[in-house]
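Visitor: Residue numbers (UniProt numbering): 1 to 257.
Honestly, the hints are just simulated from the structure, not real lab data.
Glycine included, every Cβ here is placed at the ideal spot set by N, Cα and C.
Careful, some of the hints might be misleading.
[Claimed, not checked] Calculated cross-link-like contacts (lysine-lysine; reagent style BS3-like; alpha-carbon spacing at most 27 Å):
1) 183 - 157
2) 115 - 163
3) 115 - 182
4) 7 - 238
5) 42 - 11
6) 84 - 6
[Said to hold, decoys possible] Estimated spans, in silico, between C-beta atoms of each pair:
7) 75 - 35: 23 to 33 Å
8) 19 - 140: 13 to 23 Å
9) 140 - 235: 33 to 43 Å
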Amino acid sequence: MFNNSKKAMTKEFEMTDIGEMSYFLGVEVKQMEDVIFMSQRKYAEQILSRFRMNDCNPVTIPAETGVELRVDSNRKSVNPTLYKSMVGSLRYLTFTRPDITYAVGLVSRYMERTKQDHFNAVKRILRYVKGTVDHGLFYTYFQNSRLVGYSDSNYGKDLDDQKSTSGYAFHIGSAIFSWSSKKQQIVAFSTCEAEYIAAAACTCQAIWLKNILRELYLIEEGPTTIYVDNKSAIALAKNPVSDSRSKHIGTRQGSTT
């Protein structure tokens, strides 16, 4: 399929074949037999050096447990320009690093009125990157072309507006290739609703991914399995009844059916 596409494009456009891709917009690509490894090691080392964190002590997780961030922090203010530069650099690193997506999304909420505790949280992510510069995505040859999704949500963890954060990830074969961590647009009234909203967002992404993969002949037909770790949300998705506890959930979230 790839060779046919290349031949068709060569007929329409003036092109030069420079061989297998090894580097693209900060992403290093290593192509081996039946394996492709994508990482941003050089870019990660560059941002550590730029922000003078190349000699920092590594940590094992990107976000410190028990630390609560909020907009109206009583800590001292820090340079917002530096903060935005650090967060922006980390956001680009999430292109091959789903493991820092949630933590980076969290600190992205405090671009204005940046305080010391927000700054410390960003430095914590950089310390994690320091110890994981070799991390990336492995893609191996796969025969099972079934799309599988996972969704999850916390509940009301944002201290400023009590909104929850949704997350999802999809994989075909060995590694994930689509993921997201995003604060929900409405305030969920229960863990069931928060998980249901996350599952709905995951379902919308699954439909979009299946349409693309179908055009590339890379997916088996049939329903897509989405794993959810909340029994109430699963029951509501299977039987979307309207009762006193679920009647307020809008039609937009009904897409899981």
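Visitor: Kindly indicate which numbered hints from before are broken by the structure, ordering the numbers from low to high.
Guide: 4, 5, 6, 7
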